[in-house]
Amino acid sequence: MKATKRTRKQRDDGGDGGDDESHDVKRAARGDAAGKSAPASTAEPAPRFRNKEKVLVLCSRGVTYRFRHLMEDFVSLMPHCKKDSKLDTKKDLRGINDLADLKGCSSCCYFEVKKKRDLYLWIAKSPHGPSAKFHVSNVHTMEEMKLVGNHLRGSRPILSFSRSFEELPHLQVLKEMFTHVFGVPRGHHKMKPFVDHVTSFSVADGCVWMRNYQITEPLTAKAGSLDGTGLVEVGPRLSMNLIKVFSGSFGGSTLFANEVYVSPNAVRAEERKADAMRYENKVKDKAARKKHVASLPPEQGEFDSLF
Amino acid sequence: MPKRSSSQRVSASGRKRNTREDSDSEEEDFEDEDLASRQMLMRKHGQKFDDDDDDDLEDEEDSSEDDLDDVDDDEAAAEAAALARIRRKQTTHDDDEEDDEDDDDEELGNNNNTLQQKPQYDVHALHSKLESIAWGNVPWNEHLSVVANLDHSRQGGPALLSNKPSTAAEPEDLDDVNDDAQRELSFYSQAHDAVMRALTHMQKEGQRWQRPSDYFAEMVKSDEHMAKIQRRLLEEKKQADESEERKKQRALKRYSKQVQSEKLREKAREKKVNEESITKWRKERQRNGYSPLQSEADVDPEYIAMALKAKRQLQGKFGERLAASAAGKSKKRQARDDKHGFGGRKRLKKQNDRDSANDMSSYRPARFDQEWKRAGKVGNPKSASGSPKNPKMMKRPGKAKRAASRAKL
Numbered sequence: 042m043k044a045t046k047r048t049r050k051q052r053d054d055g056g057d058g059g060d061d062e063s064h065d066v067k068r069a070a071r072g073d074a075a076g077k078s079a080p081a082s083t084a085e086p087a088p089r090f091r092n093k094e095k096v097l098v099l100c101s102r103g104v105t106y107r108f109r110h111l112m113e114d115f116v117s118l119m120p121h122c123k124k125d126s127k128l129d130t131k132k133d134l135r136g137i138n139d140l141a142d143l144k145g146c147s148s149c150c151y152f153e154v155k156k157k158r159d160l161y162l163w164i165a166k167s168p169h170g171p172s173a174k175f176h177v178s179n180v181h182t183m184e185e186m187k188l189v190g191n192h193l194r195g196s197r198p199i200l201s202f203s204r205s206f207e208e209l210p211h212l213q214v215l216k217e218m219f220t221h222v223f224g225v226p227r228g229h230h231k232m233k234p235f236v237d238h239v240t241s242f243s244v245a246d247g248c249v250w251m252r253n254y255q256i257t258e259p260l261t262a263k264a265g266s267l268d269g270t271g272l273v274e275v276g277p278r279l280s281m282n283l284i285k286v287f288s289g290s291f292g293g294s295t296l297f298a299n300e301v302y303v304s305p306n307a308v309r310a311e312e313r314k315a316d317a318m319r320y321e322n323k324v325k326d327k328a329a330r331k332k333h334v335a336s337l338p339p340e341q342g343e344f345d346s347l348f
Numbered sequence: 130m131p132k133r134s135s136s137q138r139v140s141a142s143g144r145k146r147n148t149r150e151d152s153d154s155e156e157e158d159f160e161d162e163d164l165a166s167r168q169m170l171m172r173k174h175g176q177k178f179d180d181d182d183d184d185d186l187e188d189e190e191d192s193s194e195d196d197l198d199d200v201d202d203d204e205a206a207a208e209a210a211a212l213a214r215i216r217r218k219q220t221t222h223d224d225d226e227e228d229d230e231d232d233d234d235e236e237l238g239n240n241n242n243t244l245q246q247k248p249q250y251d252v253h254a255l256h257s258k259l260e261s262i263a264w265g266n267v268p269w270n271e272h273l274s275v276v277a278n279l280d281h282s283r284q285g286g287p288a289l290l291s292n293k294p295s296t297a298a299e300p301e302d303l304d305d306v307n308d309d310a311q312r313e314l315s316f317y318s319q320a321h322d323a324v325m326r327a328l329t330h331m332q333k334e335g336q337r338w339q340r341p342s343d344y345f346a347e348m349v350k351s352d353e354h355m356a357k358i359q360r361r362l363l364e365e366k367k368q369a370d371e372s373e374e375r376k377k378q379r380a381l382k383r384y385s386k387q388v389q390s391e392k393l394r395e396k397a398r399e400k401k402v403n404e405e406s407i408t409k410w411r412k413e414r415q416r417n418g419y420s421p422l423q424s425e426a427d428v429d430p431e432y433i434a435m436a437l438k439a440k441r442q443l444q445g446k447f448g449e450r451l452a453a454s455a456a457g458k459s460k461k462r463q464a465r466d467d468k469h470g471f472g473g474r475k476r477l478k479k480q481n482d483r484d485s486a487n488d489m490s491s492y493r494p495a496r497f498d499q500e501w502k503r504a505g506k507v508g509n510p511k512s513a514s515g516s517p518k519n520p521k522m523m524k525r526p527g528k529a530k531r532a533a534s535r536a537k538l
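Chains A and B supply the protein sequences, listed in that same order.
Heads up: the first sequence is residues 42 to 348, going by our numbering.
Heads up: the second sequence is residues 130 to 538, going by our numbering.
Not one of these hints is a red herring.
Derived pair list, reagent style SDA-like, types lysine to any residue, alpha-carbon separation capped at 25 Å: (1) A:Lys123 / B:Ser261; (2) A:Lys124 / B:His354; (3) B:Lys366 / A:Met186; (4) A:Lys123 / A:His181; (5) B:Lys366 / A:Glu185; (6) A:Lys233 / A:Gly145; (7) B:Lys333 / A:Arg91; (8) A:Lys187 / B:Glu347; (9) B:Lys357 / A:Arg107; (10) B:Lys333 / A:Leu267; (11) A:Lys231 / B:Met331.
Hints listed in this document are in silico derivations from the structure and should not be mistaken for laboratory results.
Predicted model, so just to flag it, every value in this text is computed and none were measured.
Make the full structure from the sequences, and use the hints.
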């Protein structure tokens, strides 16, 4: 498989590429940036950057319908993705890297469902990392009736990031990964060369909230005027709570761990515990109230003793 | 979780050394003055994060001021604040695991919370990872990403708008993230801002982004789904309209009721006034000794008019009188109801109430002799209705007579 992949790649790159082609491009791009001060005559004309991202999208076995629909929505937003069948293992996720290699993908989106109710989303750069694991909540899919927008399948989205994505190191990494995964490569054969939607990522309350809007123009708009340009939500919408960032793809050392993250299991356990303690709490509250009342005798007024 | 390698240590002194060891190939990039602004930002993050006291931090910033002229002050301040927050967190929870490896690291001295989960934030490793995956300085058109409050014009991207269209709070500044309307508004305004910036930029660059009106292609939502949505929207609109109409009708009814009652009250008031005027007139006449009116000219014409009106009102109009008697029913209906016993209460009709119990009109106290006398007249048709004139006549007849009378019967 490896061999066939290489030959395909070589064909794509006109034979001079090889496995390190993407690195070459990166280095070239960086060299281009660094070489600005150098005299232009000595600098080699940098090869044009070409975005060749491919994203492997797959989910675990035991996925529920809502999360499956969410995955389908992701697929419809990413013409440059390859969907794979459900992954049967829950133990060794590094196998996904092999899958990505087989499919020639450089990024992975893995929807891991646990207990048929908790969705964890892995976004990974394959095969060298980094990877990020999110807990996903507040999921609304495109199926929902309230999201009335619609846009072309395969058009390129504007990616909107809130200001935190440029301020914090781990969010910078996330921004780069989101750009790779959700940005549709220019010149991809399934891409349509128009901009009619915007995918926004915002950080609020420690979570990353994702929204997808259609860009609408008023019917009476004059050519060249952007007045009245509005947005209509298309979906999906979700909030992703970052749990960890790993240096490798689906593993490796932890670069960032969210210390305020509480797993949904812990939340549920806490709820059950609180429920079990209901009587005890009631008794305790009563005693506390009694004590409180006793500690605050009513103030003796001036005329209280008269009548 | 695999243990972190020592090369990813968070240490001011070890940092730079490790950087060189890790990325020999990229050393010249680090040395170079003209790095992309992103890389400078990264490096600054790393240094700021590692430096423990504030003086050093400022020194670093001063020394690298030439490099950072493109980063505006607000942004730098925000970054510093955010990093300080993180650093505070990290210094409060430190781990002993790394102390074994680097004893000269004096900041990590807290051995007490070994059981506590290790908060991890390896800024240097994050930056090096970012560098390894980053595309670098590619044309903006390749990624189309817009960061709020960040000017992309140096990278050939959209500049900040001179007049920001929305005044909604940024997502980071939301007071309550559970307030749906506020939250969605801030997301919307962030996206809208980005769209306006991007489209303005593309227009300026002369890039085409609009699809022609005759370009039809597959959409992310199918036509059936969109039809479903449309049907649902129409239904919702219809329902809203109907409920609005109902609400209006209710309000109208309430209003007309008010108007009607006001009319009745006005009528009653007028009636009262008229009655008063009649009594006044009567008294006047009484005072005058019921002097017969010589002519109509003697009477105040106003009085006459009022009196006539009052009389009419007391009697009511012809139609009203009729209606009152029939309680709003036609004559025919009334007749039929009477005949067939429709209407009115059926139960307890024969039960006594206070009036019927006190009604003694039909009560005849028992007087034996009188009853007897009357009974004796049964056989006499001539005096059947009259009371006995001669008391002797009431004497009981003899046995033979009684038998005869029985036989007659």
